[in-house]
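2 protein chains.
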Amino acid sequence: MAEMKLPTRAEDFNEWYNQLVLRAELADYAPVRGCMIIRPYGWTLWENIQQALDRRFKATGHVNAAFPMFIPRSFIEKEKHHVEGFAPELAVVTIGGGEVLAEPLVVRPTSETIIGHSWAKWIKSYRDLPILMNLWNSVVRWELRTKLFLRTLEFYWQEGHTAHATAEEAQAETIQMLDIYADFAVNDAAIPVIRGRKSESEKFAGADMTYAIEAIMGDGKALQSGTSHNLGQNFAKAFEIQYLDKEGNLQFCWTTSWGLSTRFIGAIIMVHGDDQGLILPPKLAPFQVVIVPIAKTDEERAAVMEAAGRVRAELVAAQIRVKLDERDGMTPGFKFNDWEMRGVPLRIEIGPKDVAKNTVVLARRDKPGKEGKSFVSQQGIVAAVAEMLETIQKALYDRALAFREANTWEPKDYEEFKKAVEKGFANAYWCGSERCEQSIKDETKATMRCIPLDQTPSEGRCIFCGQPAKEKAIFAKAY
Amino acid sequence: MAEMKLPTRAEDFNEWYNQLVLRAELADYAPVRGCMIIRPYGWTLWENIQQALDRRFKATGHVNAAFPMFIPRSFIEKEKHHVEGFAPELAVVTIGGGEVLAEPLVVRPTSETIIGHSWAKWIKSYRDLPILMNLWNSVVRWELRTKLFLRTLEFYWQEGHTAHATAEEAQAETIQMLDIYADFAVNDAAIPVIRGRKSESEKFAGADMTYAIEAIMGDGKALQSGTSHNLGQNFAKAFEIQYLDKEGNLQFCWTTSWGLSTRFIGAIIMVHGDDQGLILPPKLAPFQVVIVPIAKTDEERAAVMEAAGRVRAELVAAQIRVKLDERDGMTPGFKFNDWEMRGVPLRIEIGPKDVAKNTVVLARRDKPGKEGKSFVSQQGIVAAVAEMLETIQKALYDRALAFREANTWEPKDYEEFKKAVEKGFANAYWCGSERCEQSIKDETKATMRCIPLDQTPSEGRCIFCGQPAKEKAIFAKAY
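Read top to bottom, the protein sequences are chains A and B. Quick note, the first sequence lines up with residues 1355 to 1833 if you use my numbering. Quick note, the second sequence lines up with residues 1355 to 1833 if you use my numbering.
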């Protein structure tokens, strides 16, 4: 629990993160290297993320399905960029039911190949298109350096897969899903994101073009928080995904894929958290409100618990996710710290004086001390809480946006650029050459995060080589 | 789709099932032997099952979490019955990231062991109990003879795991979850089930006692449709799951586990389906209603589509899951067959005459032909549809119950018993000896399905050996 203080973020951001994840009971290390156990508090957060995304996917016509976790090794080899990207990271099942398998099975690192194989069977004509499908599952990539939520051998995600009759439709789908991720990040997670294109070197293994949403973390580093890939006809050709068009000609499909993973929980932690622990955006928080009763005598306790129970019932009836902390043998102060560590956006304190005055204390997680406290009547508590949750949701977004703006630089030259990427994002002209990108990475450890889609056309000179450039790109150190 | 007729159930129940699963687009064979692809229609059915169960789990205080799919081989070996039961069925990862692993990893066949390992860390005192946890995931058991939904190498399920301070609490939890499965089966899936105890030979590997819900399929065979295990202190001792009680003494916990899988979809198919295809209970059906517009001329089509769109909108607003079949180039008759194959409980037909009279035709899936048709006004369509869906839900349950009653026998002697298990369930006295159970199995291929919990105490003689018996048991051939 919250007996010991966390290291501050300024002291040791990395250790602050690791301890917070464990002590907020979001996740724990598994007995297998690099795997994680997502504890109920963390998993409920993920369930809320799932619902927020799934609602958007279904509203745009997507349906969920399930494909096997095992893929024949030979499938991975059919698309040449795909195998280059994923072969080094595979977990391989070689024994089943006590027998050595004739063909080893790969535990899916992603499902483009096995889906391609099925679509080749299912899709006959233009009438079968588009196929708009999504899977909620876990995948395995054999990472060497792991960190809870951010990079684990097994992680949970959704992988969307679609097939279309034309290149234009596939591109529109790719951008639509990028926009859905951005909308979710901004409106549900209170995280401002930059929508952009990835460079050739950073794109998905097998894609024509990868788009991503990028966010700035509390230490100035970037986190890629969701990706959307236009796969062109690469997988369609590798797996013979074809359809008969209206004129009776056989055509290859155009496919896309897009994913958002439990890594996003890492973004929520690192964008909103403070030195006391986690701060969760109200729309995604497992508990939006915690009620802490305060009483010394049995008589006080009876009156306080009666009021607390009544307030809880009203909030539950209004669909507000509320926890009444009835634990014995713990001081209110201990409970305050505990729920602050766990990031509950709003605390309601009810003591004997509140009972007498028919009030409660509201304490905002995002504004410590007196500044975040207010006294409200028990009458109209639902409206007051609902309004306060909205206020907190907006305040978290505004603060995160202000932080990004304060930590995004427009360097005039490479010297300024090098300083900028030590602190945050550098938004700079880039000529588009892989050599400049690689040199910057070698010299500064900053990578090209994305070429923002929202930029007004302009011209300038590449921050590295000085050659003419037509676009700006975001560079930063990244998770 | 539905161009060719299915074999009838009387002709070939097995082939009827296999073809139905493929043609209703519930699932498909995967490229890996014994694995399945659950297609969107089948997965939506599973999502509806998930929601119906998850609601019940949460209402009884359970929370969801996620544990890794990989378990160290050594964990499986810690509980002696567990390893005997599961060792022959394991899939083993021996290579990760291109390297041979020092300790092979097992793909979870079930998660008692890895959960036990974590609980030993997490649980300190009686204050931490009970732990009421559930996982939605997939598990792998290397089965040799597989069948879509009923027995696959990888299958989807929920596995509940709980830890308690006392034996009494663990037993109460075991029965509570059995009751939740029965309530779900009866009230959501319209499947009558028998709640009962399993014999020693049929219980879960590592349990003190296994309870199950058993249902009769359309061919008279039994399907175990959900199980709840009282694990006693077996896993607590193997993994040292201990707590300090109020007096400060170290005690072993008492644990339970319980699961219901995609196998249940097999039960829905085999209980309700008929020779035309699937029949889905309205509470779980992906589409509760399909609207088929009928029009010959463009003018008719415009009027019919306007009415169909209006009816759809009203049903959607009332949270009824509805599909408007707008496909071109298919006859109404083709569409009728197609949706009958896919088991949509209620069809709404709208043609030019209906538009003129402001009516629609309602056609029940469970009553073919004229008997199942009625004409209702477009005014009040929502109430008429909602009522009809309830009627269908109840009719499916009643029919399934009548079928079970007609196919359950109370044999007077072993000769009658042998005839009974050729046709359905035999409810017979059993002395409790494993030898009688095994002899019956060897001679008749029928297994002891369960000792029903709901039986009035009585005495008789074992149907096999004639020795005194105090309980009756259900025997049947089983999937």
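I should point out that these hints are in silico values taken from the structure, not numbers from a laboratory. Heads up, a few of these hints could be off.
Since the list gives no way to pick out one identical chain from another, each pair is judged satisfied if it fits inside one copy or across any two copies.
[Stated by the list, open to error] Mimicking DSS-like on lysine-lysine, the simulated pairs with C-alpha atoms at most 27 Å apart in a straight line are: (1) K1478 with K1689; (2) K1677 with K1412; (3) K1637 with K1412; (4) K1724 with K1432; (5) K1650 with K1432; (6) K1501 with K1475; (7) K1359 with K1475; (8) K1777 with K1637; (9) K1831 with K1434; (10) K1772 with K1575; (11) K1475 with K1824; (12) K1795 with K1478; (13) K1773 with K1434; (14) K1707 with K1721; (15) K1434 with K1359; (16) K1475 with K1795; (17) K1478 with K1359; (18) K1826 with K1501; (19) K1799 with K1475; (20) K1724 with K1795; (21) K1721 with K1478; (22) K1677 with K1478; (23) K1727 with K1434.
Going through the hints against the structure:
Only between protomers do K1478 and K1689 lie at most 27 Å apart by alpha-carbon distance; the minimum there is 19 Å, versus 61 Å within a single protomer. Within a single copy, K1677 and K1412 get their C-alpha atoms only as close as 30 Å, which misses the 27 Å cut-off; across copies the closest is 14 Å, which meets it. Taking CA atoms no more than 27 Å apart as the test, K1637 paired with K1412 passes in both settings, with 19 Å inside one copy and 20 Å between copies. Within a single copy, K1724 and K1432 get their C-alpha atoms no closer than 62 Å, and across copies no closer than 54 Å, so neither meets the 27 Å cut-off.
In this assembly of identical chains, the alpha carbons of K1650 and K1432 never lie at most 27 Å apart, being 70 Å within a copy and 48 Å across copies at closest. Taking the shortest Cα distances, K1501 and K1475 sit within 27 Å of each other only across copies (20 Å), while inside one copy they are farther apart (39 Å). For the homomeric pair K1359 and K1475, the shortest alpha-carbon distance between copies (21 Å) is at most 27 Å, but the shortest distance inside one copy (58 Å) is not. For the identical chains of this complex, K1777 and K1637 are neighbours neither inside a copy (30 Å) nor across copies (55 Å), given an alpha-carbon limit of 27 Å.
In the homo-oligomer, the alpha carbons of K1831 and K1434 never lie at most 27 Å apart, since the shortest distance is 29 Å inside one protomer and 50 Å across protomers. Taking the shortest Cα distances, K1772 and K1575 sit within 27 Å of each other inside one copy (14 Å), while across copies they are farther apart (73 Å). Taking CA atoms no more than 27 Å apart as the test, K1475 paired with K1824 passes in neither setting, with 44 Å inside one copy and 57 Å between copies. Neither within a single protomer nor between protomers do K1795 and K1478 lie at most 27 Å apart by alpha-carbon distance, with minima of 46 Å and 48 Å respectively.
Within a single copy, K1773 and K1434 get their C-alpha atoms no closer than 39 Å, and across copies no closer than 61 Å, so neither meets the 27 Å cut-off. In the homo-oligomer, the alpha carbons of K1707 and K1721 lie at most 27 Å apart inside one protomer (23 Å), although the nearest pairing across protomers, at 66 Å, exceeds that limit. In this assembly of identical chains, the alpha carbons of K1434 and K1359 never lie at most 27 Å apart, being 50 Å within a copy and 43 Å across copies at closest. For the homomeric pair K1475 and K1795, neither the shortest alpha-carbon distance inside one copy (44 Å) nor that between copies (42 Å) is at most 27 Å.
Only between protomers do K1478 and K1359 lie at most 27 Å apart by alpha-carbon distance; the minimum there is 21 Å, versus 61 Å within a single protomer. For the identical chains of this complex, K1826 and K1501 are neighbours neither inside a copy (31 Å) nor across copies (56 Å), given an alpha-carbon limit of 27 Å. Taking the closest pair of Cα atoms, K1799 and K1475 never come within 27 Å of each other, the shortest separation being 45 Å inside a single copy and 39 Å across copies. Taking the shortest alpha-carbon separations for K1724 and K1795, neither the intra-copy value of 45 Å nor the inter-copy value of 74 Å comes in at or below 27 Å.
For the identical chains of this complex, K1721 and K1478 are neighbours neither inside a copy (58 Å) nor across copies (34 Å), given an alpha-carbon limit of 27 Å. Taking CA atoms no more than 27 Å apart as the test, K1677 paired with K1478 passes between copies only; the shortest distance there is 23 Å, against 52 Å inside one copy. Taking CA atoms no more than 27 Å apart as the test, K1727 paired with K1434 passes in neither setting, with 59 Å inside one copy and 57 Å between copies.
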